[in-house]
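Participant: Next come the chains, spelled out residue by residue.
2 protein chains.
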Amino acid sequence: METVRIGILGMGTVASGLAHIMALNQDIIQYRTGKILEIEKVLVKNLNKNRDVDLDRTRFTINVLEIIDNQNVDIVVELIGGIHPAFEYVRDALKNKKHVVTANKALIATHGEELENIALENGVRLMYEASVGGGIPIINTMINNLPANDFTEISGIVNGTTNYILTQMTERNLEFDQAIKEAQEMGFAEADPSSDVEGDDAAFKIAILSYIAFGQRIGLNEVPKEGIAHISREDIKYADELGYVIKLIASSQKRENEIELRVHPTFISKKHPLATVKNEFNAVLLKGNAVGEVMLYGKGAGAMPTGSAVLGDIIAIAKEKFGENKQPIHPSSTKYKIVNKGYSQYYIRMDVVDKPGVLGYISNIFGKNNISLASVVQRYKHDLVAPLVFITHEVERKNIDDALQEVRTYSNVLKIASIITVEKSII
Amino acid sequence: METVRIGILGMGTVASGLAHIMALNQDIIQYRTGKILEIEKVLVKNLNKNRDVDLDRTRFTINVLEIIDNQNVDIVVELIGGIHPAFEYVRDALKNKKHVVTANKALIATHGEELENIALENGVRLMYEASVGGGIPIINTMINNLPANDFTEISGIVNGTTNYILTQMTERNLEFDQAIKEAQEMGFAEADPSSDVEGDDAAFKIAILSYIAFGQRIGLNEVPKEGIAHISREDIKYADELGYVIKLIASSQKRENEIELRVHPTFISKKHPLATVKNEFNAVLLKGNAVGEVMLYGKGAGAMPTGSAVLGDIIAIAKEKFGENKQPIHPSSTKYKIVNKGYSQYYIRMDVVDKPGVLGYISNIFGKNNISLASVVQRYKHDLVAPLVFITHEVERKNIDDALQEVRTYSNVLKIASIITVEKSII
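Read top to bottom, the protein sequences are chains A and B. Mapping of the first sequence onto our numbering: residues 196 to 622, in sequence order. Mapping of the second sequence onto our numbering: residues 196 to 622, in sequence order.
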């Protein structure tokens with residue numbers, strides 16, 4: 196039986212998961228591929244550290260060339276993360292005609308184009324299923340299972356940390372600050388959670404997904420981002436009352452020659468499949484012009500799910516008998532313009548002076564800006580301040596901003612507390 | 196550019212969808228595959244019928260040999276349905292070294308093993324993504340995207356007709372008879388709906404999915420089936436009250452050396468992702484020992500979604516440059532025993548005489564049979580007859596049957612109206 200030799204860069208959580216799955220499912224994988232998969236070398240920083248993996252000490256090295264320039268290595272698996280030196284290692288491995296599998300979203304979102312070109316020039320594969328959605332096989336599903344489709348939309352919940360926080364805020368009536376503290380204590384959020392909370396992590400992922408779906412590279416500065424730190428218990432309560440839950444959604448839509456993408460908190464109808472995606476789970480919704488809507492749901496992180504995705508890519512390469520890579524994966528002949536119109540329904544919450552006529556005055560301003568209203572919640576609290584909540588029909592964000600500029604000058608409006616997108620019900 | 200020539204058997208709904216997608220997405224498919232896909236010949240019954248597809252008349256034939264024994268055909272697409280003569284056509288096409296793509300669940304569920312062996316002997320592919328779940332790419336996801344996993348469970352909503360009926364019964368408070376009549380009028384149910392309603396269609400599909408997941412062929416007589424015709428508005432109301440919806444679930448679970456599979460109405464918690472799968476949508480939930488739970492959701496039928504799945508298989512074969520098929524797709528070295536234990540929670544509804552002591556007497560019988568109760572709903576209606584509803588903890592079906600045999604002999608029990616499985620909350 197042929198042996199496929201794997202070199203791993205890094206021995207952190209995902210690498211441990213990968214090694215564990217390779218051992219656990221060894222027989223079934225041999226049976227399915229007709230090959231033996233073997234870990235040849237692993238790059239580590241410290242040779243003396245005790246590691247919870249069943250690998251001989253001689254397999255570890257601190258010299259990256261023993262992996263990326265080793266004749267006995269067929270596939271290089273990059274799991275060190277970050278952009279440098281991961282970029283240089285992956286680039287050199289590809290130039291040495293090694294297939295590369297990576298879970299590195301930052302690397303692929305920023306240097307994917309250059310690396311894929313190098314892979315093509317050298318006739319080897321660059322695969323990165325694990326870079327988005329952990330165990331959810333969203334990238335390979337688009338490339339290999341739904342290639343008959345012209346995709347028009349891809350959106351979903353792709354950050355487990357923020358989904359965990361929002362779920363806890365919703366189910367246990369916590370404020371953001373409490374929820375994030377708990378998430379940190381439970382290991383669901385990092386000590387510095389800003390990359391998750393401010394939407395950077397989701398922006399990397401939607402940039403990668405947009406490339407796979409639409410064949411166009413997206414610069415990270417082209418993804419408008421809004422995090423979840425400003426979401427209050429009160430917004431979650433109104434959402435619930437109006438039949439919604441709040442989720443951090445990364446979305447990308449193609450219309451004619453335009454692509455619009457963003458990361459932002461969004462009202463999701465409780466009847467929508469994305470509404471049941473809780474805690475650390477992720478889900479991605481695709482729209483293709485043949486298949487219609489397809490959703491994939493699963494664990495968005497963790498050693499075993501992410502290891503499953505990495506090993507899936509390794510097996511795909513192994514099954515191909517190292518077939519030469521001649522075809523770019525999902526290119527497009529069209530060049531799309533990236534736009535930022537924010538055409539959507541909106542939820543707007545404000546604090547107003549509790550007296551008659553205020554609602555009418557504000558509604559008038561909305562009307563002048565071509566904003567029509569889907570629902571209004573007004574509670575007379577017989578107090579000085581009353582909350583006023585609107586859900587608009589679909590409109591461009593510019594109209595909302597123009598209207599609110601005028602609303603802000605109205606003396607009876609004390610504060611515009613929240614503006615949150617409401618999902619256009621896809622299903 | 197290389198041309199891949201396709202011969203289609205049958206020109207019904209799915210074939211029209213396929214032809215339509217091939218025309219609609221021609222550019223994008225050429226770009227992705229580097230090949231030109233062309234319909235060479237189509238087998239029809241009547242050459243004179245007007246057809247809503249953009250194909251030259253000379254492409255149609257009534258002679259099957261012009262497709263399955265035609266040197267100019269690379270891939271045969273079987274879309275005539277039923278077992279005969281589809282089986283003979285597919286068999287002969289494979290023997291003539293044509294790759295075959297089919298959407299025929301009955302054929303694959305009954306003759307899949309024989310046909311796959313013939314395909315292997317002849318070094319060609321037999322692919323059937325469209326046989327289960329319409330556009331949902333569940334089969335290829337298991338084979339190609341999640342090959343690192345030992346699967347332990349596959350279950351889901353795989354029949355759109357029954358899901359449509361149950362959704363309408365739930366949302367509009369209809370009885371089964373009304374709902375099916377409407378479904379027939381709207382084209383969601385056939386004139387003779389028995390294959391859907393009695394669970395045969397779902398049984399074909401779970402047999403195929405079990406093979407892909409566990410590598411074991413399942414005889415159709417090994418799948419216990421229970422349809423939805425006996426589900427009443429009253430059961431749906433109690434389900435709602437207790438936090439559930441009723442769905443027709445096809446499920447298959449592997450434990451050690453056993454597989455247990457079945458098709459049956461099931462109480463699904465409203466918090467479960469399967470609960471939001473409505474009307475004609477399908478969803479399949481997978482459990483792998485590395486990836487954990489993954490769910491795929493989408494349209495389970497229709498010309499375009501099913502055409503998308505068929506074309507996905509065609510493109511996969513085309514991209515492989517007709518690579519020789521040497522490896523069986525998902526075999527297993529283990530032979531599993533098929534069991535039928537029905538270990539689950541159960542919902543039981545009965546009509547009893549409305550007087551004190553009845554609940555205690557019945558609970559006693561349950562206790563003797565090691566059935567413990569998760570919830571009881573008793574409504575004193577101050578009438579002769581009162582409904583009594585139980586949800587048990589997990590127990591084998593035999594215990595339920597034994598207990599109910601004794602319950603039936605109790606003079607204060609007028610009728611045991613319903614016994615329905617309650618999902619073991621997977622997520």
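Where hints are given, some of them may not hold.
[What the hints assert, rightly or not] Here are the simulated DSSO-like cross-link-like pairs (lysine-lysine), alpha carbons at most 30 Å apart as the crow flies:
| # | chain 1 | residue 1 | chain 2 | residue 2 |
| --- | --- | --- | --- | --- |
| 1 | B | 563 | A | 473 |
| 2 | A | 530 | B | 230 |
| 3 | B | 514 | A | 432 |
| 4 | B | 514 | A | 514 |
| 5 | B | 473 | A | 514 |
| 6 | A | 482 | B | 473 |
| 7 | A | 473 | B | 244 |
| 8 | A | 465 | B | 244 |
| 9 | A | 376 | B | 465 |
| 10 | B | 619 | A | 473 |
| 11 | A | 466 | B | 465 |
[Unchecked claim] Quick list of simulated restraints, FRET-style, between CB atoms:
| # | chain 1 | residue 1 | chain 2 | residue 2 | range |
| --- | --- | --- | --- | --- | --- |
| 12 | B | 589 | A | 532 | 37 to 47 Å |
| 13 | B | 389 | A | 196 | 41 to 51 Å |
| 14 | B | 225 | A | 534 | 21 to 31 Å |
| 15 | A | 571 | B | 538 | 44 to 54 Å |
| 16 | A | 251 | B | 589 | 57 to 67 Å |
| 17 | A | 428 | B | 548 | 20 to 30 Å |
The set of hints was computed from the structure by calculation and includes no laboratory data. Note that CB positions come from ideal geometry on N, CA and C, so glycine has one too.
Participant: Next, verify each hint and record whether it holds.
Facilitator: Now for the hints, and whether the structure bears them out:
For the proposed pair residue 563 (chain B) and residue 473 (chain A), the alpha carbon gap of about 39 Å is over 30 Å, so the pair is violated. For the proposed pair residue 530 (chain A) and residue 230 (chain B), the alpha carbon gap of about 22 Å is at most 30 Å, so the pair holds. For the hint linking residue 514 (chain B) to residue 432 (chain A), the alpha-carbon distance of about 51 Å lies beyond 30 Å, and the restraint is violated. For a cut-off of 30 Å, the pair hint linking residue 514 (chain B) to residue 514 (chain A) stands: about 14 Å separates their Cα positions.
Distance check on the hinted pair: residue 473 (chain B) and residue 514 (chain A) sit about 38 Å apart at the alpha-carbon level, beyond 30 Å; violated. A threshold of 30 Å between alpha carbons decides the hint, and for residue 482 (chain A) with residue 473 (chain B) the separation of about 17 Å falls inside it, so the pair holds. Note on residue 473 (chain A) and residue 244 (chain B): the hinted pairing is violated, with a Cα-Cα distance of about 52 Å set against a maximum of 30 Å. As the CA atoms of residue 465 (chain A) and residue 244 (chain B) are separated by approximately 47 Å, the hinted pair breaks the 30 Å bound.
Distance check on the hinted pair: residue 376 (chain A) and residue 465 (chain B) sit about 29 Å apart at the alpha-carbon level, within 30 Å; holds. Of the pairs offered as hints, the one joining residue 619 (chain B) and residue 473 (chain A) holds, with about 18 Å between alpha carbons and a cut-off of 30 Å not exceeded. Using a Cα cut-off of 30 Å, the hinted pair residue 466 (chain A) and residue 465 (chain B) holds, with the two alpha carbons roughly 10 Å apart. Between residue 589 (chain B) and residue 532 (chain A) the Cβ separation comes to about 56 Å, which falls outside the hinted range of 37 to 47 Å.
A C-beta distance of roughly 49 Å is found between residue 389 (chain B) and residue 196 (chain A), which places it inside the suggested range of 41 to 51 Å. Distance hint check: the CB atoms of residue 225 (chain B) and residue 534 (chain A) are about 27 Å apart, consistent with the given range 21 to 31 Å. Here the CB-CB span from residue 571 (chain A) to residue 538 (chain B) is close to 51 Å, well matched to the stated 44 to 54 Å. Checked against the given bound of 57 to 67 Å, the beta carbons of residue 251 (chain A) and residue 589 (chain B), roughly 44 Å apart, lie outside it.
Residue 428 (chain A) and residue 548 (chain B) have their C-beta atoms about 50 Å apart, which leaves the hinted 20 to 30 Å range violated.
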